[in-house]
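With the hints as constraints, model all of the structure from the sequences given.
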Amino acid sequence: MPLPAHVPVLIAGGGPVGLMLAALLAEYGIATLTLEADDDYCSGSRAICISRRSQEIMGWVGADRPLTATGLAWTGGRSYYRNSEVLHFEMPHDPLQRYAPMVNIQQYAVEEYAHQAMQRHPELAALRWSARLAALRTDTDGVTAEVEAEGGRHTVRADWLIACDGGRSTVREAMGLRLEGMQYEGRYVIVDIEQASSRPVERLAWFDPPSNPGSTLLMHRQPGNVWRVDYQIRDDEDPEEAVKPENVLPRVQSHLDMIGETAPWKPLWISIYNAKCLTLGSYRHGRVLFAGDAAHLVPIFGVRGLNSGLDDAGNLAWKLAWVLQGQAPASLLDSYSVERVHATRQNLAYGAKSTEFMAPPDFGFRLMREAALRLALSDERVRQLINPRQSAPISYDASPLNLDDGAPQAGAAAAPGQPAPEALLLD
Numbered sequence: 005m006p007l008p009a010h011v012p013v014l015i016a017g018g019g020p021v022g023l024m025l026a027a028l029l030a031e032y033g034i035a036t037l038t039l040e041a042d043d044d045y046c047s048g049s050r051a052i053c054i055s056r057r058s059q060e061i062m063g064w065v066g067a068d069r070p071l072t073a074t075g076l077a078w079t080g081g082r083s084y085y086r087n088s089e090v091l092h093f094e095m096p097h098d099p100l101q102r103y104a105p106m107v108n109i110q111q112y113a114v115e116e117y118a119h120q121a122m123q124r125h126p127e128l129a130a131l132r133w134s135a136r137l138a139a140l141r142t143d144t145d146g147v148t149a150e151v152e153a154e155g156g157r158h159t160v161r162a163d164w165l166i167a168c169d170g171g172r173s174t175v176r177e178a179m180g181l182r183l184e185g186m187q188y189e190g191r192y193v194i195v196d197i198e199q200a201s202s203r204p205v206e207r208l209a210w211f212d213p214p215s216n217p218g219s220t221l222l223m224h225r226q227p228g229n230v231w232r233v234d235y236q237i238r239d240d241e242d243p244e245e246a247v248k249p250e251n252v253l254p255r256v257q258s259h260l261d262m263i264g265e266t267a268p269w270k271p272l273w274i275s276i277y278n279a280k281c282l283t284l285g286s287y288r289h290g291r292v293l294f295a296g297d298a299a300h301l302v303p304i305f306g307v308r309g310l311n312s313g314l315d316d317a318g319n320l321a322w323k324l325a326w327v328l329q330g331q332a333p334a335s336l337l338d339s340y341s342v343e344r345v346h347a348t349r350q351n352l353a354y355g356a357k358s359t360e361f362m363a364p365p366d367f368g369f370r371l372m373r374e375a376a377l378r379l380a381l382s383d384e385r386v387r388q389l390i391n392p393r394q395s396a397p398i399s400y401d402a403s404p405l406n407l408d409d410g411a412p413q414a415g416a417a418a419a420p421g422q423p424a425p426e427a428l429l430l431d
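Positions 5 to 431 (our numbering) are the ones given, in order, by the sequence shown.
In short, the hints are calculated from the structure, not lab data. Keep in mind that the hints are not guaranteed to be accurate.
Unchecked claim - Label-pair distances were calculated between CB atoms; the ranges are: (1) LEU430 with ARG157: 42 to 50 Å; (2) GLU384 with ASP240: 41 to 49 Å; (3) ASN229 with GLU154: 15 to 23 Å; (4) PRO6 with PHE367: 37 to 45 Å; (5) GLY180 with ARG82: 41 to 49 Å; (6) ASP240 with ALA332: 52 to 60 Å; (7) ARG82 with PRO217: 18 to 26 Å; (8) PRO420 with GLU384: 20 to 28 Å; (9) ASN406 with ALA427: 20 to 28 Å; (10) PRO6 with ALA332: 46 to 54 Å; (11) GLN123 with PRO6: 14 to 22 Å; (12) ASN251 with ALA138: 32 to 40 Å; (13) ASP98 with ALA138: 48 to 56 Å.
Here a beta-carbon is modelled for each residue, glycine too, at the ideal position from N, C-alpha and C.
See below:
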């Protein structure tokens, strides 16, 4: 089938953020064409922890139902220093809440559920596999994109282009834009293994475990009897050697032996990661908008990466729909950038704090972490320092959508830009 000559919205990148944007826009009656360079959903678990807010956003298009039916909900976790527990944390939750604080599920499942939600509106939301944006030209009225697909090059005119094409964004590079911030040197090997287990679903972390001395190791259960294992490698280890099965499997086996997981297992996927705290200064550049990893790269510690991308999608979709439907001026989209850049900077601050504890960048940070872990063995007041998920709800205090109506009224639930508090609603 030939590519259309014109679309209202062209989405570069068919990962979870791009697919969710297409599904959300379709709910508002907006037609999109999504281009994905790969020929299927992603491989490996990648981002696995889906927050309550992300579940809510997925619920706007019905994608929450398969996610909560398949995913593994959890409410807390445990941290160990060597082989002693030093932290047991619980996230705020209530049985009356619709969604669990976190659900573990592989990223490819999130992509599948978002794609299924797109298919509720097949006349509006189109996805092309094995199609990539090769070049683009922007003007005041839209974007002209050169697309490589089906063995040839095609020209597609779009009123708006949304870049959801990941950390190595082609759109960002074509426009000469650069992410700003910092990158950490510490590397983690990421491994999916298949092994039956009866352990509770919770986040597990070990600092300097006897199984892997000097390392930090994380474990999460996933659907399908899959363990996600992340472990830090030494600074002097070659990353190409570190991901070879002959070097990975003994380290995983050593840890499984230590914690008493004796069932047969096999590796499914191996990758490597290092933390980045990077963002664009603006997520709107004329008729081009950026979301997800194309806009920002957030450390995995504290599970803010994919979740912040889905929050981008939830913020952008209704605003772009209103603009396209003539219900708001294009300047409404400036609020998307202001709000989400602010949220990213907050996430980067929390993510940097978590990274500096989980993968200390120098001797000083290692010394402070060692002191905190040793003190946590006997002093519970220190233990919260070990929790990598320390954060607070994002407040859009400086959003251009806020109106200054004078002093807050007595009894007001929340000031403009502040998250609304949890409350029961009367029938």
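*Which of the numbered hints are not met once you compare them with the structure shown?*
1, 2, 3, 4, 8 and 10
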